[in-house]
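Go by the hints and put chains B, C, D, E and F onto chain A.
Chains as they are written, first to last, in the numbering used here: chain A, 62 to 331; chain B, 62 to 331; chain C, 62 to 331; chain D, 62 to 331; chain E, 62 to 331; chain F, 62 to 331.
Straight line, CA to CA, 27 Å or less: simulated DSS-like cross-link-like pairs of lysine-lysine:
hint, chain 1, residue 1, chain 2, residue 2
1, D, Lys312, F, Lys312
2, C, Lys312, B, Lys70
3, B, Lys312, C, Lys70
4, E, Lys312, A, Lys288
5, F, Lys288, F, Lys68
6, E, Lys70, E, Lys288
7, E, Lys312, A, Lys70
8, E, Lys312, A, Lys312
Rather than coming from a laboratory, the hints here were simulated on the basis of the structure.
As a plain string of letters, each chain reads:
There are 6 protein chains.
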Amino acid sequence: MRPNTVKAKWRAGEPTIGSWLSLPNSYSAEMMAHMGFDWLCVDMQHGMIDYGDAVAMLTAISTTDTIPFVRVPWNDPAIIMKVLDAGAYGVVVPLINTRADAEQAVAACRYPPEGIRSNGANRAILYAGNQGDYVSKANAEIACIPMIETKQAIENLDDILSVPGVDAIYIGPSDLSFALGLLPPRMDSDVPLHVETVARILAACRRHGVIAGIHTGGPPFSVQKVKEGFQMVTVTGDTMALARGAQAILKTQREGMGIAAAAPAASGPY
Amino acid sequence: MRPNTVKAKWRAGEPTIGSWLSLPNSYSAEMMAHMGFDWLCVDMQHGMIDYGDAVAMLTAISTTDTIPFVRVPWNDPAIIMKVLDAGAYGVVVPLINTRADAEQAVAACRYPPEGIRSNGANRAILYAGNQGDYVSKANAEIACIPMIETKQAIENLDDILSVPGVDAIYIGPSDLSFALGLLPPRMDSDVPLHVETVARILAACRRHGVIAGIHTGGPPFSVQKVKEGFQMVTVTGDTMALARGAQAILKTQREGMGIAAAAPAASGPY
Amino acid sequence: MRPNTVKAKWRAGEPTIGSWLSLPNSYSAEMMAHMGFDWLCVDMQHGMIDYGDAVAMLTAISTTDTIPFVRVPWNDPAIIMKVLDAGAYGVVVPLINTRADAEQAVAACRYPPEGIRSNGANRAILYAGNQGDYVSKANAEIACIPMIETKQAIENLDDILSVPGVDAIYIGPSDLSFALGLLPPRMDSDVPLHVETVARILAACRRHGVIAGIHTGGPPFSVQKVKEGFQMVTVTGDTMALARGAQAILKTQREGMGIAAAAPAASGPY
Amino acid sequence: MRPNTVKAKWRAGEPTIGSWLSLPNSYSAEMMAHMGFDWLCVDMQHGMIDYGDAVAMLTAISTTDTIPFVRVPWNDPAIIMKVLDAGAYGVVVPLINTRADAEQAVAACRYPPEGIRSNGANRAILYAGNQGDYVSKANAEIACIPMIETKQAIENLDDILSVPGVDAIYIGPSDLSFALGLLPPRMDSDVPLHVETVARILAACRRHGVIAGIHTGGPPFSVQKVKEGFQMVTVTGDTMALARGAQAILKTQREGMGIAAAAPAASGPY
Amino acid sequence: MRPNTVKAKWRAGEPTIGSWLSLPNSYSAEMMAHMGFDWLCVDMQHGMIDYGDAVAMLTAISTTDTIPFVRVPWNDPAIIMKVLDAGAYGVVVPLINTRADAEQAVAACRYPPEGIRSNGANRAILYAGNQGDYVSKANAEIACIPMIETKQAIENLDDILSVPGVDAIYIGPSDLSFALGLLPPRMDSDVPLHVETVARILAACRRHGVIAGIHTGGPPFSVQKVKEGFQMVTVTGDTMALARGAQAILKTQREGMGIAAAAPAASGPY
Amino acid sequence: MRPNTVKAKWRAGEPTIGSWLSLPNSYSAEMMAHMGFDWLCVDMQHGMIDYGDAVAMLTAISTTDTIPFVRVPWNDPAIIMKVLDAGAYGVVVPLINTRADAEQAVAACRYPPEGIRSNGANRAILYAGNQGDYVSKANAEIACIPMIETKQAIENLDDILSVPGVDAIYIGPSDLSFALGLLPPRMDSDVPLHVETVARILAACRRHGVIAGIHTGGPPFSVQKVKEGFQMVTVTGDTMALARGAQAILKTQREGMGIAAAAPAASGPY
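With the rest of the complex left out, here is chain A (with noise of 0.2 Å):
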C-alpha cells in the first residue's frame, strides 16, 4: 500500500502544511497538488462540493505526491465510508463533542475488528497501488482526525483525545470562537481565552500522543502555530488564495490607474 507518508512524518515528529479546497473542481486541486504542500483537504462540508466533486479532486490529486484528505459534512459513517473508499487516506470529522462521537469517527474509518467500515474499496485501492495489502494495512495509513470546535469538546478533551485510533485532532478555530462566545468568529484569534484554549488543546494532545491540527489565516500565525508544535497546520485554501491574489492584483492595477480603490471586499468566502 502506499504509505501516507503526512502519518510518516507525524511519527517522525515533523510538521505537515496543507491547503483547503473549496472550489468544487479538478483542475484548481491538480494545479495546487503541483505546489508541493504536504496534504490538501477537500472540504465536504463548508466547500460546495459533493461526492462527485470529491472524487474528481481526489483523483486530480493522485497526479501527485501530495496526501488526499476529505472534511466529511458531519460524523456520519455513510459519507466517512465513501470518501475512504474513493481514496482519501485521512478524514476530518467536524462538530465532535463526545468520546461517543469520537469513537463513532474512527469505527467508520476503521475496518474490522477496529472498527466496522464495509469492505469494498474502489478507487482506493488503485490509488494504494493494487498490490493487494489495501485491507489490510488501510487501517494504519488512513487518519481519522477529529474536529475540536465545541464547547462539548473542550469539556472532554481527555475523553475524545484518549480514544484509541484518534490520529489528530483538528482545531476550527472560528467555531471555536463561537464556543467561547467570542463574537464575531475568527480564524487566527488573539483573544486570550482563545489563545489559551488553543494552547490547552495541544497541552491535551501532547499529553495523549494525538497529532494537533490547526486552521489559519496564513503566515506568520500558521509558522508561530508550527513552532509551537502543532503537526497539521491549514496555511490557505483554494478560494482565500485566489480571492485574495485577484483582489491585490486589481488594487494595484487601480492605483496605478489612478482610480481610488473599491471598498475592498469585507470578509469574503476566503
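Coordinates of chains B, C, D, E and F only, in the frame set by chain A:
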C-alpha cells in the same frame, strides 16, 4: 446583508407566492426566477436534485431578486448547513414530528449561541452582498420552515410552533392525507377532515405568530389559501407547469387534426 | 434495427407531431418523451445543450417509443456523426444554402458508399436493438433533414431538394423572416411574402417527393400546417411550454389576489 | 404500474441473476442493461456513485426491461426515499443489525400506513408507466432488501427476517468474513464457518418465506448458490467484468509477444 | 436590453479592466464577478472549459454587473452563435488572419442583414432583461473582438480593422512572439520588435476607430498599457491569481519554518 | 518535460500496446490506466465522450505512467489544440485524405514555426512536470497520428506519409473495409484485398520512416500485427472488454443453470 424580502413581506403581513423546482437544471431555474415569483424552492427531497444541482440552481436564481429556498431531503443538520452555505435564504424541512425535531431544524439554521451552525459560509456570503455582516445577520434573515404533514406533528402542533426560530411552517397536503388516513393522497383536498385540519394548523400558526405556508395545485385553490391567511403559497412547480403546458398543447393539436386524444397521463410527476 | 416510425409515417403519407427540447436535462426530456409526441428534437443549435447533455437526453427519450432527433449547431460532419453514434434517428441541419451544403449533410448521415459516415456507432447500436444490422440499415432508417431558412436556400430550392438522401426539409420561419427582410423575425407569420414563400417551399417539396417540415408557435397555426400537407410539425418546446404554463398560472394567481399582473415577459426564450 | 418482474419470479420460486454497477456512468449501465440480466444494482455504497449518477443510470436501465435496484450507502430514510422517487424498484440496505434497523428500512420503502415514505414520486411515476396507480401499488411492487453481513445481524436473524415487508435479504460475503473473524475478507469463501453461516442464513430465509440473495465472484460459485436455493444472485459487476476482461486480453497479447506478463493486479476494485 | 457597459465605456473613451477565466467552475467565476472587474472572459480556447461549463459560468457572472465575454476556440460561427445565445456580451475570436476571417467573425455575431446569426437566443434574452428588444439591439450591444496575433494578421492590419462591426481587437502577446520569431513566447515583452509591433497595432486601431485590447501579466505592465491608450486590458486570470497566490503563501510559510523553498514552478498554467 | 515513453519506444523500434476508451468516465479510465498498457486513447470520435469528459479522463490516466492519446472527432485545429492543452501526448486524427489534410493536422499539433498551435497550454504543463520547457519540447514529444482509412488516403499514401511531423499513422480497418468496397465493414479482416492493403500501408510506412498503427479486435490478430512490424496496436477497448466480459460470465451462469443462453448480442458497441 441582502435582505430577505420574503421575511420582510411576512413581517408586513403580506402573502408571498412561490414555485417549486424539481428539474435538476440551472436554465429552467433561471427562467422561473425571471417570472416574478417571490421565492422559488429547490426541492432536494422529491425533486431529481442533488447538492451540485442545487448549487447551480441557487446561482441561477441569484441572477434575479427572487428569494431562493431549498427543501432538504431530511431533518439533517449536515445538508441544512450545506444549502445555507450555498446561499439558500430559507430551508423547508420535511417530516417534523416533535418539538425536538423542530429545535434540531432551527439549531442547524442558526449560528451560536442560537444554534449550532458551523461558521464557513461560502457562496452565501457572495449572494448576501459580501459586506462583512453575514454572520451577524444570517440568524435573523434566514427562514426556517418545518413541514407539518404527519399525525405526530398534528398532535404536537403547539409544541412545534412554539419553538423559537420557527419562522413559518409548511403544510404538505398530500402527506397530510396519508396522516389522516385519506387515500389516495391529494393536494387541494376538499375532504372535510383535511380541510378542518388545515384550518386548525392555520389557527395554531396565528396563535403562535408563525407564518402559515401550504403546497397547492394552483389557482383557484391557491388564491383561496391566500385569502384565508396563508402567507407562503406554492402555486405551481417547474415539472407541473411543463407537463400540463405541453399536454394541453398536444391535446389541442390532436383535436385540431381530428385525432382522438390519447388518454391523458394519469397522475404524472406533476 | 428498431424501425424509424417517423419515416414510416412519412412514407404512409401521415403527419408527425413533435416538440423541441432546449433544456439541457434528461428528466425534462424523459417527461416530454412520455407525452406521446411522434418525435422530439434535441436542439444543439439554440438550446443550452452540448454533446454530453444530448447523450443523456437521447438516453432518456429511449425509455419510450418517441423517436429522437437532434438539431446540430452547424452543417459539420463531426457533430452529425457524433449524434448519430449516440442514437439520433434524425438530424436537422441548420443554414443549408446550396446543393453542396445539402450533399455534405447527407454524406455525413450515410455510411459508404452513399456517404462518408465513419463506422463505429456506439449507443446507436443499443438503441437500434443490437441485432447486428445497424450498419446495413442505418442509411435507410436515419432521417436527414436540412433546414431551409436563408435567401440562398430559397434561390437554390430545387437544387437542394433534388439531392438524394434528403428525406425532409425543415423551415425555420424566424430566420426565414430575416431572409425575406421581414423584421422583426416571427414564427407563425401571416405576412403575405412569408406565407407565399412557405407555400412555395411546400410545393417544391411535393415536386421532389421530400417531406416538408416547419417550426410553429403551436395550434391553431400548427394544425393549419398539417392540413396544408406538412408532415413534420413542431407544436411546442420544453422552454415554451414551461414558460407559458408558469406565466399563465402566476397571472391567474395574481388576478385572483387582486394584484395588477406584472407586465408579461416580452419575448422570452419561449 | 409496470410490474416488478423480479418479485414476480421470486413469487414463482425462480432465481434471478443480476450484476453490480460501480461505474458512475449511464452508458456502461445501458450496455449492461442490454445483456439480459434480470436486475442491475446501482451501488451507491461502495461504487463511485452519487445521487445524480444514480438518476442517470436508472434512466439508462429504463431503456430496457431489466429491473433497477439501488444499494444505498446507509440505512437512511432520506436516501432510500430519494432513490425510490428516482425509479428504483428495489433497495438493498447495508449493515442491518437489528429488528429495529430492518423496520426502519422497510418503513422508508413503504407509503403509509405500512411505512413513512413521503408522497412525491417523480421519475418513478414515469418509469412505472404513468398510469395513476403508483402510490397504491408501489408498496407491493418495490423490493426491500436488507443486507445480512454483521455479527449482530446473525444473532438477530429471526428478528430481522420476521419483519413484515422484508422481501429478501442479501448476504455480503466479504463483510460477513469480517463478522466471522475470517481474514482477509473474501467472496466465494469455502471456509467451513463461512459456508455454514451462509447455509444457516439460507435456512432461516426459507423458514420466514424471505428470498435469499448473495454477492458472488461469478460462476461456478454463483451457479452453486442458485442450486442451493438463492433466488437473488449477483454474478459479476461492471468494474469486475471490465478489469478481468481487459487484463486477460493484455496478458494474452503479451504472451503472444513473448513478454513476461506483468504481475497481475493483486486485488483490484474488481 | 441590458446595456453593455463595457461598450459604453469604450464609446466614452474610458479603459476597461478584466480578468481571464480558465477554471471550468461556476463558483470561482462568481467569486471573480464580485471583485469589480469591468468584464470577465471565459476562455474556451485555452481554458479547460467546454460549452456546458461556459453556460454555468455565464450564469454565475450574471449574478453581478460584470459584463461576460467569451473567447471561443476558433473562428467558427457555430460556437460563436452558441455562446451569444447563452448570454455572452462579447466574443473574442482567436487567430484572425485576413479581412475575410474578420468578416466571418463579425457575421456570426450579427443578425441579418448585418450578419448571419440565426434567431433563437435563449439564455441571452433572460440576461438582457427579457424586454422584447434583444433581437433589435443585440447587433449594437454585442462586442466582436478579433485577435491580432499572427504574421498574416499584422500584414493585413488595415484590412482587418476596417471591417465594419469589428468593435475591438485583442492582442495575444505570446502568440505574437511566435509570429515575430521571438522565442520563447512571452507576455509583457520588452523586446523592441514586440514593443514596436504592439505600438503599431495600437496606432492602427486609433486610425480605424477600433478599440485596442491586450493580454498582460498584470501591473505595472497592464497599467502602462492603459496609459498608452489600450481600453481593454486583462490584468490577471483565475488560474494565475490562484497559483501565484498559493505559491507565495507556501513560500512564506516555508521560509518562516526555515525550509529552503522548493524550486518555484517554472512556468505554470498561470 | 515528462518524456513521451511511447515515442521513445517507437524510436527504439519497439512495439506499443494500447486500449481504446469509449466510456465517458474517469474511474474506468483510471482502472484501465493501472493495467499496464503503454498508452490509452480517449476516443472523442465514436466514443460517447465530449471535451469535459476527456479532461477528466486525461486527469485519471495521469495518475499512472500510461501515456494519454486522444482521437479527435475531426481534423479540426480547434479541438486538436484543446486536447493538447488538456494534456494529450498524442492525437489520432480521423479521415485524413490528402497531403493538405495531413499538413493541417500536423500544424495544429506544433507550435510555430513548425505549426500554428496557439500558446497557452494549461493542464498539459502540469502533466508535463511544470519545468518550464513544455513550449520548447512539445513539438518533439507530442505524437501526431493521422488515420488512413479512405480510398483517397490510400491513393495519396506517399503524399501523406512524407509530411514532416507525421509520427505515425493509424489504420481504421473497419472504415478501410468501406473504402475497399468490402461490406460489412470488419476489424481483423482476412479478405485478401484488405490484407494486401494493410500490408501496402505498412510497407509505405517503412519506406517513409513512419510508425504504423492499427486497430484490432484483440489477440491473436493483434499479436500477428506486432510481428509484422506494427508498433502501435490497439488490442481492446473499455466497452469491448466490459461487454465481452459480462456476456461471457452471464452465458456461463446460464449454462450452469441449464438455461438456453439468449442469443448473444449481435454486434454491439464492442
